[in-house]
Amino acid sequence: MYFTYPEIGLISVAFILILAILASKTSGRLGMPSLILFMLLGLALGKHGLAVIQLTATPWEGLKHTCEIALALILFSGGLDTQFVQVKPIVWRGVSLATAGVFFTAIITGLAAYFVLKVTPAQAFLLGAIISSTDAAAVFSVLRSKGVGLKHRLKPTLEFESGSNDPMALALTLTAISLVLGESSNAFLIVGKLVLNLGLGVSIGILLGWATQKLINHMSLPYDGLFSVFVLAVALLTYGGAEYLHGNGLLAVYSAGVTLASHPFIHKQTILKFFDGVAWIMQILIFVSLGLVINPMALWEGAPQAIIIAIVLMLPARLIAVYISLAPFREVKQREKLFISWVGLKGAAPLVFALFPFMYIEEGFSEELAVLFLNTIMFMVLLSVLIQGTTLPNVARLLHLDLPTQERTNYPIELEQRTNFQSQMQEIFVPEGCDGVNKTLVELNLPTDSLIVLISRNGEFIMPNGNTEIHALDKLLVLATTPSDLEGVYAALGLDLPETT
177 MYFTYPEIGL ISVAFILILA ILASKTSGRL GMPSLILFML LGLALGKHGL AVIQLTATPW
237 EGLKHTCEIA LALILFSGGL DTQFVQVKPI VWRGVSLATA GVFFTAIITG LAAYFVLKVT
297 PAQAFLLGAI ISSTDAAAVF SVLRSKGVGL KHRLKPTLEF ESGSNDPMAL ALTLTAISLV
357 LGESSNAFLI VGKLVLNLGL GVSIGILLGW ATQKLINHMS LPYDGLFSVF VLAVALLTYG
417 GAEYLHGNGL LAVYSAGVTL ASHPFIHKQT ILKFFDGVAW IMQILIFVSL GLVINPMALW
477 EGAPQAIIIA IVLMLPARLI AVYISLAPFR EVKQREKLFI SWVGLKGAAP LVFALFPFMY
537 IEEGFSEELA VLFLNTIMFM VLLSVLIQGT TLPNVARLLH LDLPTQERTN YPIELEQRTN
597 FQSQMQEIFV PEGCDGVNKT LVELNLPTDS LIVLISRNGE FIMPNGNTEI HALDKLLVLA
657 TTPSDLEGVY AALGLDLPET T
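With my numbering applied, the sequence shown corresponds to residues 177 to 677, in that order.
FYI, nobody ran anything at the bench for these hints, they're computed from the structure. Possibly wrong hints are sitting among the right ones.
Pair by pair, the computed Cβ-Cβ distance ranges are [as the list claims (entries may be wrong)]: (1) V189 with I500: 37 to 47 angstroms; (2) E477 with N634: 48 to 58 angstroms; (3) L649 with I563: 30 to 40 angstroms; (4) N621 with G401: 34 to 44 angstroms.
Straight-line alpha carbon distances no greater than 35 angstroms define the calculated DSBU-like cross-link-like pairs of lysine-lysine that follow [unchecked claim]: (5) K509 with K327; (6) K327 with K201; (7) K615 with K651; (8) K294 with K240; (9) K223 with K240; (10) K240 with K444; (11) K369 with K513; (12) K201 with K240; (13) K449 with K327; (14) K331 with K201; (15) K327 with K615; (16) K513 with K651; (17) K240 with K264; (18) K390 with K449; (19) K327 with K651; (20) K444 with K331; (21) K651 with K444; (22) K264 with K449; (23) K369 with K390; (24) K294 with K223; (25) K201 with K449; (26) K449 with K331; (27) K444 with K390; (28) K240 with K369; (29) K390 with K240.
Note that the Cβ used here is the ideal one computed from N, Cα and C, for glycine as well.
Take the sequences, apply the hints, and build the full model.
Shown next as structure tokens:
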């Protein structure tokens, strides 16, 4: 990459970030995930577009390592956002989708690639493995923009699947590359390496996640911002350490994030917001970078084959994989399986994994085949985003799995977790006709260890006292010491605890 003046490079990076932020705002109105706009931004700025940024040569190795670390930080952020209390009831179905689901998706998609691209079985399996994982971040950005929630624990199921299936897809990708290069094809050896890789990754992640929670609650740092830096260092240590020990680094960072999030720790909200910003920057980095190196003409030339494989992926491959994976879980209804099948949305991970073959060119992997796979995967991801991403809200409504969502209120105060202070703060919406409407706080007889801190009413905030009346459509910011106290607040208002979606 070159610029006439260093300052132009700095301005270009700032310009890209600003445009990407504006694109994320526009994406909700257009009804499509922002990642596709990030990629189009890269295409527009690259040498095949406006040539604002030009690469003297395509740095495949540097691009691969950069995008892989970016993906690791995205997964760590996803793990931190995972509420284990919601995931726990569905953990085994999520594991099944993230392992068996990925495997069968890779097999069936690879079968289509074998006939369409006229490649060897090992090469076809490689393409199937690369594209086999899903991206729920894109899914929920679309659903939130349309004000659509999900019933029957679908949200935690999809979140857990998407966060934990990237490591399986990576393991299959590396296995397929070794098969393409003619390395050992002993089934027992391959399965043994796969189990060891995943097992070591999850063990390292859980251990470091647990240790981080213990350390962070007993650390005394001069500045609060250093806690976020410390957790960032732990995320990088987890990924690098797991990879060095031949474990699965992606599974390690996701497991570390989930483990850390499942325990109370100080400055939790600050750290969550910090990593949310990091994850956004990493997504922008991945999609804009790949947009810069892709040739749109080459992408278009391979479109017919990519479309056929993508149709197989989105319909029979994903459908069969989901039904096989969820067969032991009889409580999952048919319409839920159908929706999960349609939520096989592709995102950052397949694009990052598509860079891996370039690392093995000196060992005999065909550069022409690597470019073909990258272009095919890129087109399939774009097609998945355009078709599945834009139709998700309608499919949820069609299958009667949608729930109305309340827009989250931005309160002027926020609870920050501190050592030995385990209270939780939650927003409660007061619908029309519930028992608490037109009652004062005194009349509600709230639990002793609970407090209604603020009331949001008609866009204004009210600081309540004992004589304040609750009105229909109010939003209450409630502070409760324990989950049972929070349950008592719901009971006092005549409301049921919200369904975990």
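So which hints don't hold here, by number, going up?
-> none
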